[in-house]
Amino acid sequence: MPSDIGLGGPTLLSHPIVVTQILPFVLIFTIVFAVLQKSKILGEGKKQIDALVALVIGLLVISFSEPVRIIISLAPFIAVSLVVILALMILIGIFNSGENFDEAFPKRFRMVLGIVVILALVIALLVITGAWQYLVLAFFFGQSQPALVANLVFIIIIVVAVALVLRGAPSDSGGKGD
Numbered sequence: 001m002p003s004d005i006g007l008g009g010p011t012l013l014s015h016p017i018v019v020t021q022i023l024p025f026v027l028i029f030t031i032v033f034a035v036l037q038k039s040k041i042l043g044e045g046k047k048q049i050d051a052l053v054a055l056v057i058g059l060l061v062i063s064f065s066e067p068v069r070i071i072i073s074l075a076p077f078i079a080v081s082l083v084v085i086l087a088l089m090i091l092i093g094i095f096n097s098g099e100n101f102d103e104a105f106p107k108r109f110r111m112v113l114g115i116v117v118i119l120a121l122v123i124a125l126l127v128i129t130g131a132w133q134y135l136v137l138a139f140f141f142g143q144s145q146p147a148l149v150a151n152l153v154f155i156i157i158i159v160v161a162v163a164l165v166l167r168g169a170p171s172d173s174g175g176k177g178d
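Take the sequence shown: its letter number 85 is residue 85 in the working numbering, and every next letter is one higher.
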């Protein structure tokens, strides 16, 4: 009987317009706005400009079907992953006697957890877009193309270069200039 109310689904939140337009827009708008506010790329105290940029990016994303399909397919994976991470953090917090966040979750643990989360997100994104199957066929079954190998080598070089830059040069505290 829920379909008799004319909303196209059993609940309002499962209606196609809500699922394919409103929720992806709100998600993209919120993430872009939060990143712009936190990074202060467009200046400090410019909430209106940040909101306008986030609005435009959100509207651009929902105007194309492929990004919306990827967002809709990726949302359950992200939700379950966040629940698992939250449960892990709660369990660690219960059995840890430290009151401080840094004591309960050392920097190395947070770094390893971050790497695992990013790797899982990349793999999920590759599976959802269909690129995972192409990569598996290319590498494990010998159907690789020279352009694919060249692109992957280029991407690896970029990742290594960015990692080296972000790691930073070791500070020289030998007394020069002091």
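If you are wondering where the hints come from, they were derived from the structure by calculation, not from laboratory data. A virtual CB, placed ideally from N, CA and C, is assigned to each residue, including glycine. It is possible that part of the hints are untrue.
[To be verified] Simulated DEER-style distance windows between Cβ atoms:
| id | residue 1 | residue 2 | range |
| --- | --- | --- | --- |
| 1 | 11 | 63 | 24 to 30 Å |
| 2 | 130 | 41 | 19 to 25 Å |
| 3 | 109 | 149 | 33 to 39 Å |
| 4 | 74 | 150 | 39 to 45 Å |
| 5 | 60 | 149 | 40 to 46 Å |
| 6 | 59 | 96 | 29 to 35 Å |
| 7 | 89 | 137 | 33 to 39 Å |
| 8 | 165 | 109 | 34 to 40 Å |
| 9 | 42 | 96 | 16 to 22 Å |
| 10 | 72 | 138 | 37 to 43 Å |
Hints versus structure:
no., hint, verdict
1, 11 / 63: 24 to 30 Å, "holds, 26 Å"
2, 130 / 41: 19 to 25 Å, "violated, 32 Å"
3, 109 / 149: 33 to 39 Å, "holds, 35 Å"
4, 74 / 150: 39 to 45 Å, "violated, 28 Å"
5, 60 / 149: 40 to 46 Å, "violated, 33 Å"
6, 59 / 96: 29 to 35 Å, "violated, 44 Å"
7, 89 / 137: 33 to 39 Å, "holds, 38 Å"
8, 165 / 109: 34 to 40 Å, "violated, 24 Å"
9, 42 / 96: 16 to 22 Å, "violated, 40 Å"
10, 72 / 138: 37 to 43 Å, "violated, 27 Å"
Checked against the numbered hints given earlier, this structure breaks hints 2, 4, 5, 6, 8, 9 and 10; the rest are met.
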